[in-house]
Amino acid sequence: MALLQISEPGEATAPHQHRLAAGIDLGTTNSLVATVKSGEALTLADHDGQHLLPSVVQYQKDNIVVGSAAQQAAATDPHNTISSVKRFMGRGLDDVKADAHGYEFIETESVPRIRTIAGDVSAVEVSSQILANLKQRAEESLGGELQGVVITVPAYFDDAQRQATKDAARLADLNVLRLLNEPTAAAVAYGLDSGSEGVHAIYDLGGGTFDISILRLNRGVFEVLATAGDSALGGDDMDRAIANWMAQEAGVELDDAYLQRRMMNEARRAKEALTNNDSVELSVELAAGKAWTGLIDAEKFNALIDGLIKKTLLPCRRAMRDAGVSVEEINDVVMVGGSTRVPRVREKVAEFFSKPPLVDIDPDKVVAVGAAIQADALVGNKPDDEMLLLDVNPLSLGIETMGGLVEKVIPRNTTIPVARAQEFTTFKDGQTAMAVHVLQGERELVDDCRSLARFELRDIPPMVAGAARILVTFQVDADGLLEVTAKEQTSGVEASVQVKPSYGLEDNEIERMLRENVEHAQDDVDARKLREQQVEADRVLEAINAALAEDGDALLNDEERATIAASLEGLKQARENESAAKIKYAIDVADKATSDFAAKRMDASINKALSGHTLDEFE
Amino acid sequence: MDRNYFELFALPVSFEVDISSLSERYQDLQRSAHPDKFTNATDRDRRLSMQQASMINEAYQVLKDPLKRAQYLLNLNNVDTHSESNTVMDTAFLMQQMELREALDDIMDASDPLASLESFSADIESQIRNLISQCQTCFSDNTEDSLKKAEGLTLQLQFLYRLREEAEDREEALL
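Protein chains in written order, with the working numbering: chain X, 7 to 625; chain Y, 2 to 176.
Hints listed in this document are in silico derivations from the structure and should not be mistaken for laboratory results.
Heads up, some of the hints might be wrong.
Simulated pairs of lysine-lysine, DSSO-like, Cα-Cα distance not exceeding 27 Å [what the hints assert, rightly or not]:
# : chain 1 : residue 1 : chain 2 : residue 2
1 : X       : 388       : Y       : 38
2 : Y       : 38        : X       : 43
3 : Y       : 38        : Y       : 149
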């Protein structure tokens, strides 16, 4: 007898439906998009067959150009052509000024902006152009809308840089399943390929960032033991070292943006050519009709970059120390990022780890490929997948205490997600407010750490000094993003912030930008809100129905069932409504009606996870 | 829901923990609770999963590390090791601590500070191992007296951990 599968509207969609997902490597120099097709993860090419998209955006008066066309325009239109924008993500004016590459930065109340012919643009907006370009590439190639993406970030990115990346994705209308650390992504691509268990070091030197991650691969679980790095160190710095040397040889100053671009382009060409040649001839136009020519050999190049390479080895040492592993315990060293093509880098890394590094996977593509594999799993195409990625927070998180000192709440290299709480008290009689200043970094003084956010807990009932009990809780999610709440325990007064970085965009600013975008008029923003709520309503209905079918009989009594059924009915009706607010309210009601049930189910699933083990195994 | 960390991992409440089965259980628990397994779930369930995964991570950190494990066991026995008023500290040990700290300061002026630091760290490491094995005995005896003794040992362990950290920081500064 054939069994009919009966499903109600809004209930489980067809289980075998393949959902479209992609992995995006948003790089300093180049970006890529990859996806899993018929079980294989591949990077996607553009119309010209190019996989790498140069991370360059040129702002013209009425047009925005992304990729190689923009890169070609860099030398002739340096002020409106923005490259290496990743360096400016989540950074304040002081940070970017020191590293401005000749752009004109404008101070605004939130993030610094770059002046272009098409208006002032933030790093988040520039990055969103790159993401939108890759999104279009993926959707054309896959023939449908992407349901979600995994975007990679340097492991050493701080909270502000991560939040900025997520904001850029939101501007590009992408649903982010996860921000994944680049070395972890590389490990996924590499580890699944070779199936090798054990401890691995991932040395990732890109265009503008350096990461080292030490991780253990065991039974499909990638457990990051420690990570360290430098979020402003990469191939760009090698180019600059060559360019500065060339300028010195040519007897010129690099104060002209056009000349600087020409020098940097020539430096990059020389660096790349030196991978396979002992020496390279150099030629740069200094002024109209006046050129400088010269020669650089491997020895000179090595001397110029040895200091930079050395700067990568100290983080390697620190990561090994934090991971508690020695050089002998590391099975493999995997090289990731275009800058690891430089022979001197390979030589020094081999020397440091006492073993030749693995270079067999294309160092440019490996991160995107790993991200695609993870995106495919997260979007739900591999329900029984054993793979699990356990990452860490790269930098310590703390709070300002008396005397400008930082008290660490979550130390670096703690596995995420993580929640930690610490109690503080008032120091004055009758104090009714407390300022909470959240910081990230390893140093003891507030001034030496990066300020993430400030907020205030008000309406504390007046008490004698030291009597209030203020519990500050830090919660870091799986993306590495922090949320801080403060609660006065005796009165229950509460305040919380989703840490909006000091140099981040406000929510309303993002909304305004979406609106300003020609394609996103006011109607579009409202329509999007409605669509988001409808999607969430469907998700809630689907999830609760599935949960009821699975555990309803075992965990609920009749009364509880009836309450849940009523809330579901309400949600179903609201779902057909054209009001986002009404749907949201109905979702809240359903959430409340099922909260005990959800907690019981979570508990049961935890029990089940260890059902193979019992206490008496040990007795 | 109010399980202690040992119960969460279905392990006996004991100072002795088999690290390999602990980490295997940790992986099994995270495979069922981690937010990555809830990407298509509702916002509320995702939040719940994040809280559970955070708790499992915390429990794992505590059970994995001998000092944190000892402190946790004492807390289960209603002894607060973080309290400032805790003075169960033997004078001889305090003297020895001061000497070690001085020795650490002197190392920076030694002719080969890195080598001296290395032997200093090895010494600290062996003291830590020794304290851990003493803790083991006390916790397994599990009498009021032995727990009192474990409390003192745990405080000593805390000191040595800090000293080890300082030695590592200095090593980093030297490189």
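Practice problem: Please work out if residue 38 of chain Y and residue 43 of chain X have their alpha carbons no farther apart than 27 Å. | Solution: Roughly 21 Å between the alpha carbons, so the hint for residue 38 of chain Y and residue 43 of chain X holds.
Exercise. Mind checking the alpha carbons of residue 388 of chain X and residue 38 of chain Y for me, to see if they're no more than 27 Å apart?
Key: holds, 11 Å
Practice problem: Would you mind confirming whether the straight-line C-alpha gap from residue 38 of chain Y to residue 149 of chain Y stays at or under 27 Å? | Solution: Cα-Cα ~44 Å, so violated.
Hint violations for this structure: number 3 only, all remaining hints satisfied.
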